[in-house]
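Protein chains: 2
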Amino acid sequence: MSSEDWLDAVKWNSDGLVAAIAQDHQTGKILMQAWMNREALSLTAREQQAVYWSRSRSRLWRKGESSGHQQKLIELRLDCDGDSVLLVVEQLGGIACHTGRESCFYRKLDQQGEWQVTDAVIKDPDTIYSSHS
Amino acid sequence: MSSEDWLDAVKWNSDGLVAAIAQDHQTGKILMQAWMNREALSLTAREQQAVYWSRSRSRLWRKGESSGHQQKLIELRLDCDGDSVLLVVEQLGGIACHTGRESCFYRKLDQQGEWQVTDAVIKDPDTIYSSHS
Numbered sequence: 000m001s002s003e004d005w006l007d008a009v010k011w012n013s014d015g016l017v018a019a020i021a022q023d024h025q026t027g028k029i030l031m032q033a034w035m036n037r038e039a040l041s042l043t044a045r046e047q048q049a050v051y052w053s054r055s056r057s058r059l060w061r062k063g064e065s066s067g068h069q070q071k072l073i074e075l076r077l078d079c080d081g082d083s084v085l086l087v088v089e090q091l092g093g094i095a096c097h098t099g100r101e102s103c104f105y106r107k108l109d110q111q112g113e114w115q116v117t118d119a120v121i122k123d124p125d126t127i128y129s130s131h132s
Numbered sequence: 000m001s002s003e004d005w006l007d008a009v010k011w012n013s014d015g016l017v018a019a020i021a022q023d024h025q026t027g028k029i030l031m032q033a034w035m036n037r038e039a040l041s042l043t044a045r046e047q048q049a050v051y052w053s054r055s056r057s058r059l060w061r062k063g064e065s066s067g068h069q070q071k072l073i074e075l076r077l078d079c080d081g082d083s084v085l086l087v088v089e090q091l092g093g094i095a096c097h098t099g100r101e102s103c104f105y106r107k108l109d110q111q112g113e114w115q116v117t118d119a120v121i122k123d124p125d126t127i128y129s130s131h132s
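Order-wise, the sequence lines are chains A and B. First residue of the first sequence? That's 0 in numbering that gives the first Met the number 0, and the numbers climb one at a time after it. First residue of the second sequence? That's 0 in numbering that gives the first Met the number 0, and the numbers climb one at a time after it.
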C-alpha cells in the first residue's frame, strides 16, 4: 500500500483529529473511544495495530506500549461523514481499559439515575503497569 | 429519576459536547457516532430514545424525527474518563444511516488502501425522507 489517498477521505476536526472507536472482533464489545491524528491513522494501517493520539500527553500512543495490551487491527471502517473511524480489533490480554477492565465503558446508568460499575477488574492495574515502575 | 447529578460525571468538551456511540443491542453492530450536549443526554435518558446535538444545524436532533428510524435506549454507558457515552439501542427500521444503510460505518479499508463500500442500502433514502418533501 504505497498511496495514502485514503487518508484524504477523513474529515479531521479543527485539532486535526478524528474520533476512533475500538470494538472487539469476537465479542462485538465496544472497548474504548480515543482520537487519532493523520499520522496515528496512517501508522495504524501500516503496523496493523491501534496507534492513537494522546491529547493529554500530546504524543502518539501505541496502544499497549506500557501494558502490553495491544490492539491488532482486523478491520478499519469509516463512517458516512468521514469524521469517525471504527477499528475492529483483537484485544491482546482481553483488557482495553487502564483500570484493568475489558472495556472502558464499565459504568451503566441505573433506574435510579446513578452510574453503576457493572464490569469486573480482570487484572489489578498495579500489576499491569508494575514492570515500568 | 429526579436528580440529574449523573450528568456531572460527564466531561464535556470545550464546545459542551460529549461523543456518543450507538450500538445495536441485538447484533452488537456499531450504528453511528454523533454528539450530545447536556440537554441532549438528559433528554435521551428521560425519553429513553437517542437525542443528539446536530453540530451542522446547531440544534437538538431526535434521531428518527424525519426518517422514523428512532433509537430506543436499552443501556446508557459512560467510559472511564467520562468523555464518551455508549448507547445500546433498538434501532427502529433497522436503519441508522441517512444513506439507507444499517450502519454509518459502511466503508472498509481494503488491502489496496481504498475504502470499499461493504454494506448494502436497505431502503432508498428518497423513500425514507419523501414524506417530508
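Heads up, a few of these hints could be off.
Identical copies go unnamed one by one, so any copy, or any two together, can satisfy a pair.
[What the hints assert, rightly or not] The list that follows gives simulated cross-link-like pairs (lysine-lysine, PhoX-like), each with its CA atoms no further than 25 Å apart:
1) Lys107 <-> Lys71
2) Lys10 <-> Lys107
3) Lys28 <-> Lys107
4) Lys28 <-> Lys71
5) Lys122 <-> Lys28
6) Lys107 <-> Lys122
Hints in this document: simulated from the structure, not taken from any laboratory.
Now the hints, each set against the structure:
no. : hint              : result
1   : Lys107 <-> Lys71  : between (27 Å within a copy, 16 Å between copies)
2   : Lys10 <-> Lys107  : between (31 Å within a copy, 16 Å between copies)
3   : Lys28 <-> Lys107  : both (14 Å within a copy, 19 Å between copies)
4   : Lys28 <-> Lys71   : both (15 Å within a copy, 19 Å between copies)
5   : Lys122 <-> Lys28  : within (18 Å within a copy, 27 Å between copies)
6   : Lys107 <-> Lys122 : within (20 Å within a copy, 33 Å between copies)
Figure legend: structure checked against the earlier numbered hints; every hint is met.
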